[in-house]
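Respectively, the protein sequence lines represent chains G and Y.
Be aware that the first sequence starts at 378, since it is given in this note's numbering, and climbs by one per residue.
Be aware that the second sequence starts at 378, since it is given in this note's numbering, and climbs by one per residue.
Honestly, the hints are just simulated from the structure, not real lab data.
Keep in mind that the hints are not guaranteed to be accurate.
If chains are identical, the list can't say which one is meant, so a pair holds when it fits in one copy or spans any two.
What the hints assert, rightly or not - Straight-line alpha carbon distances no greater than 20 Å define the calculated EDC-like cross-link-like pairs of lysine to aspartate or glutamate that follow:
| # | residue 1 | residue 2 |
| --- | --- | --- |
| 1 | K400 | D437 |
| 2 | K577 | D500 |
| 3 | K400 | D644 |
| 4 | K577 | E546 |
Protein chains: 2
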Amino acid sequence: MRDFSADHRWLSINTATVRAQWKLDRIIEECARRGIRAISPWRDQVAAVGLERVARLVRDTRLELSGYCRGGMFPASTPEGRRAALDDNRRAVDEAKTLDAACLVLVVGSLPGALEGRPVGKDLAAARTDVRDGIAATLEYARDVGMPLAIEPLHPMYAADRACVNTLEQALDLCDALDPARSGMLGVAVDAYHVWWDPKLQEQIRRAGTDRLLAFHVCDWLVPTRDLLNDRGMMGDGVIDLPQLRGWVESAGFAGYSEVEIFSAEDWWKRDGGEVLDTCISRHRSAV
Amino acid sequence: MRDFSADHRWLSINTATVRAQWKLDRIIEECARRGIRAISPWRDQVAAVGLERVARLVRDTRLELSGYCRGGMFPASTPEGRRAALDDNRRAVDEAKTLDAACLVLVVGSLPGALEGRPVGKDLAAARTDVRDGIAATLEYARDVGMPLAIEPLHPMYAADRACVNTLEQALDLCDALDPARSGMLGVAVDAYHVWWDPKLQEQIRRAGTDRLLAFHVCDWLVPTRDLLNDRGMMGDGVIDLPQLRGWVESAGFAGYSEVEIFSAEDWWKRDGGEVLDTCISRHRSAV
Chain G
378 MRDFSADHRW
388 LSINTATVRA
398 QWKLDRIIEE
408 CARRGIRAIS
418 PWRDQVAAVG
428 LERVARLVRD
438 TRLELSGYCR
448 GGMFPASTPE
458 GRRAALDDNR
468 RAVDEAKTLD
478 AACLVLVVGS
488 LPGALEGRPV
498 GKDLAAARTD
508 VRDGIAATLE
518 YARDVGMPLA
528 IEPLHPMYAA
538 DRACVNTLEQ
548 ALDLCDALDP
558 ARSGMLGVAV
568 DAYHVWWDPK
578 LQEQIRRAGT
588 DRLLAFHVCD
598 WLVPTRDLLN
608 DRGMMGDGVI
618 DLPQLRGWVE
628 SAGFAGYSEV
638 EIFSAEDWWK
648 RDGGEVLDTC
658 ISRHRSAV
Chain Y
378 MRDFSADHRW
388 LSINTATVRA
398 QWKLDRIIEE
408 CARRGIRAIS
418 PWRDQVAAVG
428 LERVARLVRD
438 TRLELSGYCR
448 GGMFPASTPE
458 GRRAALDDNR
468 RAVDEAKTLD
478 AACLVLVVGS
488 LPGALEGRPV
498 GKDLAAARTD
508 VRDGIAATLE
518 YARDVGMPLA
528 IEPLHPMYAA
538 DRACVNTLEQ
548 ALDLCDALDP
558 ARSGMLGVAV
568 DAYHVWWDPK
578 LQEQIRRAGT
588 DRLLAFHVCD
598 WLVPTRDLLN
608 DRGMMGDGVI
618 DLPQLRGWVE
628 SAGFAGYSEV
638 EIFSAEDWWK
648 RDGGEVLDTC
658 ISRHRSAV
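Start from the sequences, fold in the hints, and give me the full structure.
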């Protein structure tokens with residue numbers, strides 16, 4: 378297992394972590410100034426600054442992108458809706474390529490309308506079929522472009538509105554079905570927050586192996602958790618045994634960045650951005 | 378599949394559903410008056426009225442108990458703590474027997490201290506070992522008394538503080554390990570709220586079969602869900618396909634009560650208790 382205690386060579390900042398404080402150009406500047414070597418930006422943050430400008434800033438600061446957030450959201454209640462999702466995913470692949478991201482992260486979506494609070498049905502199996510078909514179509518395009526897709530299984534508490542892929546096993550079953558050759562173009566993003574509870578976690582990480590482990594995200598599960606979406610904890614403040622989990626992914630061959638992604642409306646998003654980044658650095662060294 | 382549309386012969390009320398409105402003696406009276414034939418009470422509600430008095434009320438009204446809530450909470454940080462949990466579970470078995478419950482439901486517990494907001498560690502594997510040992514010991518006693526134990530896998534969002542058994546597969550693996558003969562004394566409580574998202578749900582329900590399916594709980598998953606614990610929906614108000622799920626458990630041989638269990642601090646617990654029970658009856662007929 379790599380030693381993280383002496384530096385932050387393998388720290389990446391998912392830019393949602395300081396989204397409330399700064400726009401992306403400032404985030405890039407603040408990360409670069411601290412010797413942070415990688416980020417993972419969100420599409421809306423990129424759009425707000427401009428894709429070409431972000432690409433230039435990333436090149437100038439020599440930041441790597443441990444991922445690009447996010448494609449997915451495949452299910453829709455109409456054929457037009459599903460086609461629009463595929464178009465949007467092709468654009469996301471192109472943007473990820475322009476930014477030279479390591480992978481495009483897929484939050485796959487679930488019941489149509491649920492994210493807006495107005496689900497139009499209850500057919501989870503149909504949503505899962507849309508997801509499978511959507512990933513298959515996007516994978517074809519991503520192969521041509523050369524941009525790996527990372528399916529992110531989301532915590533089951535998001536099964537209705539954000540993602541109907543909810544365990545690592547389910548994500549890997551999808552990978553095996555759509556990319557049996559393990560081409561390296563389809564894999565998973567293992568986010569500690571989403572998977573830490575899973576009794577089959579270690580076994581499925583081993584199954585994933587180097588070919589499928591495209592991204593590793595960290596934060597912490599707070600006790601109590603006061604909000605389903607925006608109450609994630611800083612590494613070390615919750616109950617996830619992050620060193621154990623990192624040990625498992627590294628044993629399975631993962632050697633990339635440890636990406637910090639914290640949504641925290643009542644705590645970290647209210648603090649000074651510099652304090653947040655400095656804390657990410659120190660906790661990366663002490664708690665991951 | 379049984380026809381629920383014409384009557385409420387197979388409706389049971391988990392008494393937490395109207396816990397904010399009434400004490401247990403009144404709940405029993407209100408259920409009996411409406412021709413509800415079964416309840417599932419909580420230990421604190423029973424204690425508040427007195428075990429013997431509740432046993433008499435239940436006999437007088439000819440109510441059945443589809444279950445008794447709850448045993449479990451096995452993990453502890455000290456040997457004394459684990460022994461105390463076993464003692465408490467034996468008392469719960471005795472109470473369930475006194476009330477002639479169909480089973481004692483087990484919410485197995487997880488990280489010691491987490492339920493009080495002060496987790497003393499992060500060792501989920503150790504908690505799972507405590508759970509396994511605790512169920513094994515309790516099962517020995519329960520066999521003597523003749524009280525089946527129903528492991529309730531809880532939604533993964535409760536993995537830190539309430540239960541480290543979080544999928545039906547995991548619960549059934551425990552059952553197979555501790556009761557390989559499928560004696561009927563160890564099984565599962567399938568609660569729609571906890572398991573609806575699981576991609577392996579249908580397959581694991583089939584695996585459970587008649588011997589292991591000891592209880593079936595319903596409510597609904599609201600979109601959005603505003604609180605991790607107390608924002609459950611009335612059947613029909615959320616996104617769980619309850620008729621499909623009931624079809625699966627009945628196909629696997631379950632022929633018992635459909636037990637309504639709704640924790641709802643901001644909605645159903647604020648309404649008139651009679652309105653809640655009447656709504657449970659009508660939704661049992663139309664949405665389960």
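Structure-based check of all given hints:
no. : hint          : verdict
1   : K400 <-> D437 : within (17 Å within a copy, 68 Å between copies)
2   : K577 <-> D500 : between (26 Å within a copy, 15 Å between copies)
3   : K400 <-> D644 : within (19 Å within a copy, 39 Å between copies)
4   : K577 <-> E546 : both (8 Å within a copy, 10 Å between copies)
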